[in-house]
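Colleague: Listed below, chain by chain, are the residues.
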Amino acid sequence: MSQAADSAAEAWHADRFGRWRRRFGLAAFGAAVVLMWIAIAILAPVIAPYPFEAVDVTKRLLAPSAQHWLGTDALGRDVLSRLIWGSRISLFAGIVVVAIGAALGVLIGGVAAYAGGRAEELMMRATDLVLCFPPIILAMAIAAALGIGVRNTMIAMLVVWWPKFARLARSLVLVQRSQEYVEAAVVMGYGSGRILFRHIVPNAVGPLVVLVTLDVGQAIITFAGLSFLGLGVVPPMPEWGAMVSEGRELVDQWWVATFPGLAILSVVVGFNFLGDGIRDWLDPKSRRR
Amino acid sequence: MTDSAPLLEVRNLRTEFLTDAGPVRAVDGVSFEVEAGATVGIVGESGSGKSVTALSILRLLAENARIGDGSRIAFRGRDLATLDEDEIRRLRGGEIAMIFQDPLTSLNPVLRISKQLVEGMLAHGRQSQAEALRHGIDLLARMGINAPERAVSGYPHEFSGGMRQRVMLAMGFANNPSLLIADEPTTALDVTIQAQILDLLKTLNREFGTAVLLISHDLGVIANVCERVLVMYAGEVVEEGPAEALLAEPRHPYTWALLNAVPRLDQEPPADKRLTAIEGAPPDPSEPPSGCRFRPRCPFAVERCGEHPDLLPVAEGRKARCWVTQAGERLLKPSTAAAVSAPAAEAGQPMLSLRNVVKHYPLRRDALFSPRKVVHAVDGVDLDIGRGETVGLVGESGSGKSTIARLITRIQKPTAGSIRFGDIDLATADRSVLRPLRRRIQMIFQDPYASLNPRMTVGQILSEPLRFHRLVRGPEEAKARVGELLEMVGLSARAAERYPHEFSGGQRQRIGTARALAVEPELIIADEPISALDVNIRAQIINLFVGLQQRLGLTFLFIAHDLAVVRQVSDRIVVLYLGKVMEVATARDLFAEPLHPYTRSLISAAPIPDVAAERKREHIRLAGEPPSPVAPPSGCRFRTRCPVAQGICAEIEPPLAEYRPGHRAACHFSGQA
Amino acid sequence: MFRYLVMRVAGMAVMALLATLVVFLIANQVPGDPVLAQLGDLAASDPNMVARYRARWGLDRPLSEQYWIFLKGIFNGDLGVSISTQRPVLDDIRQYAPATVELATVAFLLSIAVGIPLGVLAAIRRDTWIDNLARFISLAGVSSPTFWLAFIMLALFYGGLQIAPGPGRIDLSVISPQTVTGLYLIDAAIARDWEAWRNAAGHLVLPSIVLASGTLGLITRTTRASMLEAMTQDYVRVARAKGLRERKIVIGHLLPNALIPVVTLGGLAYAVLLTGAVMTETIFSWPGLGRYTFRSAVALDFPGIMGITLVVAAVYLVINLLTDLSYALLDPRVARERAE
Amino acid sequence: MMRNLLLRLAAGAAIAAALTLPAYAQKKTTLVVGLDISDGRNYDPARSADLTPPLTMGAVSETLLTLATNDLVNVKPSLATNWTLVNNGAAWRFTLRPGVKFWNGDTLTAEDVKFSLDRLVNVKDQPATYASNMGPVTIIDPMTVEIAMKNPKEPLLLDLTAPSFAIYSAKMAKAQGAVSEPGADQNDKATPWFNMNSAGTGPYRMVGWERNVSVTMQKNPNYWGTPAEFERVIVRHIADGAAQLLAVRRGDVDIAMNLSAEQLDSLKGSADVSVIQGASTDTLYFVMTSNPEMNAVLAKKEARQAVASAIDYDGLIKGLVGGFAERSPNFLPNGIAGTTAEQTKEFGWKEDLTKAKALLAAAGVPNGFEFELIYPNAAYFSTSYQLMTQKIQSDLARVGIKMTLKPMDNVNWRAQFNGAKSQATTAPWNSPSPNPYLWTGASVQRVAVRMGWKPSQEILDLVAQGAAENDVAKQKAIYEKYQRILVDNANYVTLMQPIYRVAVHKNITNVKLTPNVWKMELAQIKPAS
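Quick mapping for you: the protein sequence lines, in order, are chains Z, D, U and P. Residue numbering for the first sequence is 1 to 289, as defined by this note's numbering. Residue numbering for the second sequence is 1001 to 1673, as defined by this note's numbering. Residue numbering for the third sequence is 2001 to 2340, as defined by this note's numbering. Residue numbering for the fourth sequence is 3001 to 3529, as defined by this note's numbering.
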C-alpha cells in the first residue's frame, strides 16, 4: 500500500467521528432540543418560577432581571413562566394534530390507493378541494365557525392537514403495491387488510416518519400563527403565538415578543433537524458507499 | 510514443473506496496491456473489480475512490493516473471513449440527441457546430440508425434500448478514439439486439482500427468479440490469455468454474439437469482471504494455496494466478451424465391448462374523448402444464411472459380466456374460490431484493404463510417447520432470526424459494428467478430447483429470457413473442429442429463461450427491434423482423399448428428458414 | 395537448366553484351576523334598519338562493358587493391584488434567484461550508414563524439599524406613481419616476425576505436533493466520459434534470406566496389581498370571502396549469405522453 | 440590544438617508395626519356611521349648530346664528348666518338646509337613526328654516351638532345624483361622489379618498370664517401604531393618532414631538346579566355587586392605560349633563374586597361562584379587551369568583351580546352627539334587554324627566338619581372613560382634541412659525 493512500485512509478513519457528526450531529442536536422542550413541558409546574396567570399590573413590562429572567408582560406576568407553560400547548397541539392527521391520512390514503378505482378518485378530488384554499384562511374560517379554543383550532388544522398525508400515504402505498413482496403476499392468499397493514404500511412508514417529524414543526408554527391571529387559546392560558401577538406592538419592550418567537424557532428547528436526520438515516442514497 | 509500446499499459492498478467501514480495495494490483486495434475482454462476476478497472483508466470513479500511488495507467506512454484534471478531461471522449451498461439511463432524458451527440465533439474543439452535427448524423447512419437526420432532433425516450446503445456508440466514436472501453454494453439488451450490437462493435474495431476493451460478465459475449481475455476475481486478474485457448482450456479454477456453471446451447444438458456449481460467494472485498483468494471455493485447492500466488505464465501467451496450474496440472472437465431422452410426462389430463388467455392493459386516457389505447400484453395464449413437468417459458422483454405468470397466480385478472386448474377456472374464480387454491400454486420472483418484505425477519416471512393457512399448530411447530424449510433450500435454521437485507442475492432467492415451498404447493411459477444473479449463483439456484423438483415432485413453470438456462431445466419449452406463442416443443426437439424462424434466430443470437464453436455456428441476425405491444403488427406478429416473411404473413395470422406430436409452431413457413 | 388543457381547466373550474360552496356553507355556520357587524349600536336595534340591510345584501333569502345569486353573478363577471367595504368585490380585489402580486412575485424571484444557485452549490460542494450554510438558511427559513420573523426584521433593520424603510408600500412622503398596473415598480418605471421606484423597491426588501423565507428554504432543499439525485445518474458519468467540463455538466446536464421537480415546487410555492401572505401583510401594513381576506373572514363578509376563494382557486388553477406546461417544456417525456 | 430602539431611531434619522427623504424645508403648506382609517366605508354625511370619517367631514362641512371643544352641554352657533322654540315648543326655528358660501362660491340658503336634512332622513341609512327625533324641515324664507320635533319632550339641538347633520349644497349634490325626497334609499346615487368630494361650507374641501391609503383636503378659498392655515391636509392611513410613531418622529406625519400608551411613553423627553390629550365621552362598561337563565348567581344583585366591589379599577386604569382614563359613576360619562368624576368617588363602585366577600355571603355564595364573560378579540383604546378581561379575571379570583373568558371575533360578539346571549361582557359606548338621552334611553331600553334587566318605573320616569328638563341644574340632579339606581343595580359597571392622547410634531401648533365625534379641531391647526 502506498504512503498517500495510507494517509488518506487513516485520515478517513480518524475522521469517523467527524463524519458521524456531520451526518447525525444535527439530528442529535434536534433530538436534544425536542427532548428538552418535552421535558420542560412535562416539568412546567415544577420549574416555572411563577404561576403563569399571576397578574400584577404594578410590575408590568419589566425588563429582564434577576427576578424575571425574561421580563414581564403587559399584565405583569412573568414571561419565562408563561413561556414554560406555553410549551405544553405548542407541543401538544403540534404533535397531536400531526399524529391524528397522519393516522387519518394513512388510513384514507392507504385504503384509497390500495382499493384504487372510484375510492381513490374520490379521495384525490377531496384532497384537491381542500388544497384549493389558502390553508390559513380555511383554518381560520373553520376555527371561527367552531369558536376559539385549543381543541377547535386543532380540528380546523386537521381539516387542512389530512390531505397532505393522504396524498403521501397514497403515493407510498402505490410504490409499495407494485413491489414483488406484495405480489408474493397476494399469491399467498392474504386478505387486503393484512397485506395493507402488515406488509405495505410498515414499509411505507419510513418516509412518513420523516414527513411527520418535519410537520410537527410546521404544525407548531401554524398553531402559533392562528393564535397570533386571535384563534387558538383562551386566556389566560399562555401560548407562544399569542404571546408574540401581545408583544408585537411593544417595540421598546422587545422581550415580550422576542422570547416566545425564539421558543417557537428553537422547537421547530429541533423537529426539522430531527426529521432531516431521520431522512438521511433512512435514505441510503444520502449515505456514502 | 513508440510504435512498439502498447496503446494502453496498466501496471499494478490499485483502486480503493473509502467507506465508513474502512477502505475497500476493489482493484488490487491489476496489470494488462491493450495493443492498438486489439480487442481485449475483462470477465468476472459482480464485485470482481472489472468495472472499477475500466473506470479507473479514465478516472471516472466515484468521489470516495482513490487510485493508489504506484499504479500506472500509461496511454501512449502518458501516465493517466498522474494527469491533472484538465488533461485527463481532454483524453476522455477524445482518444479514449467509453460506453456503459444501461443505454436507458446513459442518455440524458431531457436533452435532444443532437446536443448530446455534438457536445462531445465541441468539447474537444475540433469541429464547428455545423460540422459536428453533420459528422454526428453520419455516425448515426454508420451505427445503423435509420433516418439519422430526423433521429438527431429526437429525445432519448423516443428510442428503444438497442437504438440508444447505437447512439451511445456514435457518441463514443465521435472523435475517432483509438481506444473504446465498453462496460457491459449489452447486458441490458435482449439477446437478438445484443447480437446486433456485438456485430457492430466487431465491425467498428475492424474498420476504424479502434482498440476495444470489453467488460462483461458473460463469457459468451467475450468469446464473440475478443482476442484476448482477462479473468478477474476479488480485485485481481486470475487468468489472462487468448480467448480461444483460455475458453477451450481454462488454467485457473475460477475460469473453469465460470465456464462450467453456464449451460451451453451447443451441448445437450445432462440427464440430471444439474450444473457444475462451486459453493459459496465471492469474498467481501474489505476482508479478502489470505493466500489465494479463490481458495475457500476452489475444488482444486491444495495446501500451497494458503500462500498468495502471483500471475505467472502457464503457457505461451497465457498467465494464471494458481499454484496448481502453474505446477503444470490440468483442470479436468467435470464429468457429466450422458444425455438421456426427456422423461415422459405424457400423462393425460394436464394440471394447468390455459386457453386463449388474453390480457390487455388500458393506458390512461389522454383526454375525455380520445380512444383508450391498450397494451396487448398477452394476446391469446394456449399453454398446458402436466403434473410433475417443468415447462420453460422463454421470450424477450415485452413478450408477455411475466404477465402470464401473474395471470396464473391471479395477481392480475385476465381480460379473457380460461385458466383451468383442476376443475376450477382461475380466470374467473372469485376471492373465496381462490383462497384455498393459493396454497397449491406458488411463485418465485425475479428480484431477490424486492420480493422479501424488508421489515420482517426471515422467520416471520416463512411462518406467516404457515399460520395463515393453518399448516402448523402453535409457534413451536412453526419454528421447527421454518428450520426445516431453510435447511431444505440450503440455509441454516439460524437464518430465521435475521432480516432479508443481511443476505446476499442468491441467499435471498433461496429464502423466496423456501417461502413458496412453505405451503407445500403443487405448482411453482418461477419468474426469471435467476436473471438478477451472478453466473455461479445461478448455477447454485438452478441446481436447487432441480433437486427440489426431483425430491418433492413439483411442477414448474420456469420463465426466463435465456434459452440455454431454460433448456437446462425444462422438459418442454414455450417460445413467446409479443404476447403470442410462436413455438412449443420438448426441449430436445426445439433445439434439434427449431421450426419457427424466431426460435432459430433466438438460438443463433445467444453467444457461446467457445470461440471455435461460435465461428462454425449459423448466425441469423434479426433486423430492427420488437414492435410496440400497443400496436402489434397485423397477421403474424413476427413478420416485421422475420427473414422469411412474405405477403401472406401480413394478412393471415398463422395458427399454432402441430407438425409432429408435441411440436407446434405458428408460422406459415415452419422449418423453411 | 389542447384537449388536455381544456379538460384540466374545466375540471379545476368545477373545483373552484365547489370550493366557494364549501366556504359559503362554513361561513353560514358561524353564529355571528354580518349585518350586526356592520351596523352601529343604534341602527342595529332598529328592526327596520336591520331588515333593510338584510334585504340589501340578499341575506333575507334562503341559503340556496343566495348561493344561486352568487353563481349567476360569476357568469356575468360579477362577484357581488362586499358587505364590509360596500364596494364590488371585484373592485376590492382589483385594488388589493397588485400589492400582493408585487410582493409575492418579488419574494418568489428572490427565493428562486437565491434558492436554486444555493441548492446547486450545496449539492456540488457537498458537506462543505456552503452546504452547511444552505442547510442553515433553509432550515432557519422553514423554522421561523413568519409573524415573528417579520416583527424581528422590522425591529432590527428598520427600528434598530435604520437601514430599511418601514411598513407600507412606499414612504409616506413619496407620492405613489400613477396607477397603471398597480405594481409600483412597474408603474414607477413607466412614469420614469425613479425616486418612487427606489423607494418602493426599498419597501419591498424586508417583507419579501420574510415572505420568501419559507419558500427559499424549500426551493434550496429541493434543488439540492434533486441535484444530488441527478448526480448519481449514469448520464453524468457519460458526459464526463465525453470529456465535458464540470461546469458544462452542471449547467448542461444536471440542471435541466434537477430543475424539473423544482418547477413543480416553484409553481406551488408561488401560489402559496400569493395566497399565504396574511401575516406578512398584517405586520408590514401591506395593503394586499391577504389582509383583505383576513378582514373579510373576520367580518363574515360572505361575498368577500367567496370572491376571494374563487380568485384563489383560480390562481391555483392557472399556476398549476403553467407548472404543468413548463414541466412539459422541460421534460420531453411528459410532453409526448400528453400530446399523443 | 434592542432596548429603546425607537429612541435611537429618532436621533439617527440621517443614517437612513438612502431610503428616506428630506423633511419639508419650506414653510409648511401641507398638514399630514397619521390615522388608521381602515374602518371608513364612505364619506357621505347621510350614510357614514364609522369612527374616522367625522374628522374629515367635520373639516369640510358644517352643521347648523356646533359645540365648543370642552363644553358638551351648551350648543354654539355655526351655520345658524339664532334659534328659538316655536309652535308651542314642537319645533325649532333657525336663522341662517348671512354670507356663507360653499367652496364653489354659491351662497348658503334654507333650501340647502332642507335638502341636506331631508336626504339624511330619506336615504334611510344608519345616520337616519340619529335623526329619530327630527320631524319635517320647513323653509320659512331663504334664510330661515323650521325643524319640527317628533317628541318635543326629547332634545334635538345637541343632535344637530353631529357631522351627519352637515349642510351641503343642494345644487352640487343634485348634480351628482343626490335625492332628498322619500325613495332616496333607492334613487340616491351621490355616495360615490361624496366619497371623493365634499359640497360643504367648511374651511377645507375634500378632493380625494383612496381607501386604506389617504384622504386629501384642500383649502376652501371662499370660507366665511378665518381662512384655513394649510393649502392641503392629508389624512394618511397608517394602521400600525409603531409605524405612526416612527413617522411622527421623522416629521413624515404631523400628528399620530393611534399610539399605544407604551408608544406614547417612549416620546417622553422628545424635543420634536409632544403629546397632547383630550377627554372623551367614550366609555367602557362591564355588563352582567340579570337573567337567571343565563346565570342563576349573577342574576342576584348582591352577586353582581360583589363583582363590582372586587374589581381593581385603579390598577386597570393606571396599569393598563397608563392612567390616561377617568371613570364616570355609571352609564352617563363625565362631561355629559353635569356628570363628574367626583360623583364617582362619592357613589360609584370602588375596590373593596371585604365588602365583596360580605356581598358574596349575602348572595348565598360565600366561597364565590363562576360565570362566563365574552369579549371581542380586538383592541380597545390603548389596550385590548383581552388584557383588561384577564386583569379583571385575576381581580375577581381574589374573592373566589371564577370568571372564565370566552374570546370571539367581533362579529360573533355583537351577535351574542345584542342577542342577549351573554352572562357578562365588556362593551364600549360612544355616541354620535352629546345628547344625554342617547345614553340614558339606551341604558333602560335596548341595552337593558341585552342584560335581561327589567327597569323599574322609577328609573324609566327619571330618564323621561331628564330628557324633557331644560334646566341644567335640575337635569343634573335627575341624572344623579338615575345613576345611583344604576350603580346599585350593578348591571352596568363603568370601567373607564379614556383620555385620548395624540403625538404632535413641533411643525404645527394649536392642536386641540375634543370629546366630540370628530375628535380633533382640524381646521384650527396652524403651522409652527
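No wet-lab data here; the hints were simulated from the structure. Just so you know, not all the hints are guaranteed correct.
Straight line, CA to CA, 20 Å or less: simulated PhoX-like cross-link-like pairs of lysine-lysine [stated by the list, open to error]:
(1) P:Lys-3301 x P:Lys-3421
(2) U:Lys-2248 x D:Lys-1115
(3) P:Lys-3219 x P:Lys-3301
(4) P:Lys-3318 x Z:Lys-59
Calculated Cβ distances over 10 Å to all of chain U for the following chain D residues [unchecked claim]:
(5) Arg-1072
(6) Arg-1089
(7) Ala-1097
(8) Ala-1141
(9) Ala-1174
(10) Phe-1208
(11) Arg-1297
(12) His-1469
(13) Glu-1476
(14) Lys-1616
(15) Arg-1641
(16) Gln-1646
Selected chain P positions facing chain Z (Cβ under 7 Å, derived; list incomplete) [as the list claims (entries may be wrong)]:
(17) Gly-3241
(18) Ser-3260
(19) Glu-3262
(20) Ser-3270
(21) Ile-3311
(22) Gly-3315
(23) Gly-3348
(24) Asn-3377
(25) Leu-3405
(26) Asp-3409
(27) Asn-3410
(28) Lys-3526
Where is the CB? At the ideal position from N, CA and C, for every residue including glycine.
Colleague: The structure should be examined with respect to each hint, and the outcome stated for every one.
Modeller: We went through each hint and held it up to the structure:
1. With a C-alpha separation of about 19 Å, the suggested pair Lys-3301 (chain P) and Lys-3421 (chain P) falls inside the 20 Å cut-off, and the hint holds.
2. For a cut-off of 20 Å, the pair hint linking Lys-2248 (chain U) to Lys-1115 (chain D) stands: about 12 Å separates their Cα positions.
3. Only pairs whose Cα atoms come within 20 Å are accepted, and Lys-3219 (chain P) paired with Lys-3301 (chain P) is rejected, the gap being roughly 56 Å.
4. For the proposed pair Lys-3318 (chain P) and Lys-59 (chain Z), the alpha carbon gap of about 11 Å is at most 20 Å, so the pair holds.
5. A cut-off of 10 Å between C-beta atoms confirms that Arg-1072 (chain D) is not in contact with chain U; the least separation is 21 Å.
6. Not every CB of chain U is more than 10 Å from the CB of Arg-1089 (chain D) (nearest about 5 Å), against its label as outside the interface.
7. The Cβ of Ala-1097 (chain D) sits about 7 Å from the closest Cβ of chain U, inside the 10 Å cut-off, so the non-interface label is violated.
8. Against chain U, the non-interface label of Ala-1141 (chain D) holds: every CB pair exceeds 10 Å, the least being about 20 Å.
9. A cut-off of 10 Å between C-beta atoms contradicts the statement that Ala-1174 (chain D) is not in contact with chain U; the least separation is 8 Å.
10. The Cβ of Phe-1208 (chain D) lies farther than 10 Å from every Cβ of chain U, with a closest approach of about 18 Å, so its non-interface assignment holds.
11. Here Arg-1297 (chain D) stays apart from chain U, with its beta-carbon at least about 32 Å from theirs, past the 10 Å limit.
12. The claim that His-1469 (chain D) lies off the interface holds: its Cβ sits roughly 42 Å from the closest Cβ of chain U, which is beyond the 10 Å cut-off.
13. The non-interface label for Glu-1476 (chain D) is consistent with chain U: the shortest C-beta to C-beta separation is roughly 47 Å, beyond 10 Å.
14. A cut-off of 10 Å between C-beta atoms confirms that Lys-1616 (chain D) is not in contact with chain U; the least separation is 37 Å.
15. Annotated as non-interface, Arg-1641 (chain D) keeps its C-beta farther than 10 Å from every C-beta of chain U; the closest such distance is 24 Å.
16. Distance check for Gln-1646 (chain D) against chain U: the nearest CB is about 32 Å away, which clears 10 Å, and the non-interface claim stands.
17. Below 7 Å, beta-carbon pairs count as interface contacts, and Gly-3241 (chain P) has one with chain Z at about 6 Å; its hint therefore holds.
18. Taking 7 Å as the C-beta contact cut-off toward chain Z, the hint placing Ser-3260 (chain P) at the interface holds, the least distance being around 6 Å.
19. Restraint check, Glu-3262 (chain P) versus chain Z: the minimum CB separation of about 5 Å is within 7 Å; hint holds.
20. Using the Cβ-Cβ criterion of 7 Å, the hint placing Ser-3270 (chain P) at the interface with chain Z is not satisfied: the shortest such distance is roughly 13 Å.
21. The criterion of a C-beta within 7 Å of any C-beta in chain Z is not met by Ile-3311 (chain P), whose closest approach is roughly 12 Å, and the hint is violated.
22. Given hint, Gly-3315 (chain P) at the interface with chain Z, holds; its Cβ is 5 Å from that chain's nearest Cβ, closer than 7 Å.
23. Given hint, Gly-3348 (chain P) at the interface with chain Z, is violated; its Cβ is 20 Å from that chain's nearest Cβ, farther than 7 Å.
24. Because the smallest distance between the Cβ of Asn-3377 (chain P) and any Cβ of chain Z comes to about 4 Å, under 7 Å, the interface hint for this residue holds.
25. Because the beta carbon of Leu-3405 (chain P) sits about 5 Å from the nearest beta carbon in chain Z, less than 7 Å, this interface hint is met.
26. Among the interface hints, the one on Asp-3409 (chain P) holds; its C-beta lies about 6 Å from the nearest C-beta in chain Z, closer than the 7 Å criterion.
27. A hinted interface residue such as Asn-3410 (chain P) counts as satisfied when its beta carbon comes closer than 7 Å to some beta carbon of chain Z; here the least separation is about 10 Å, so the hint is violated.
28. Here the hint on Lys-3526 (chain P) is broken, as its CB sits about 31 Å from the closest CB of chain Z, past 7 Å.
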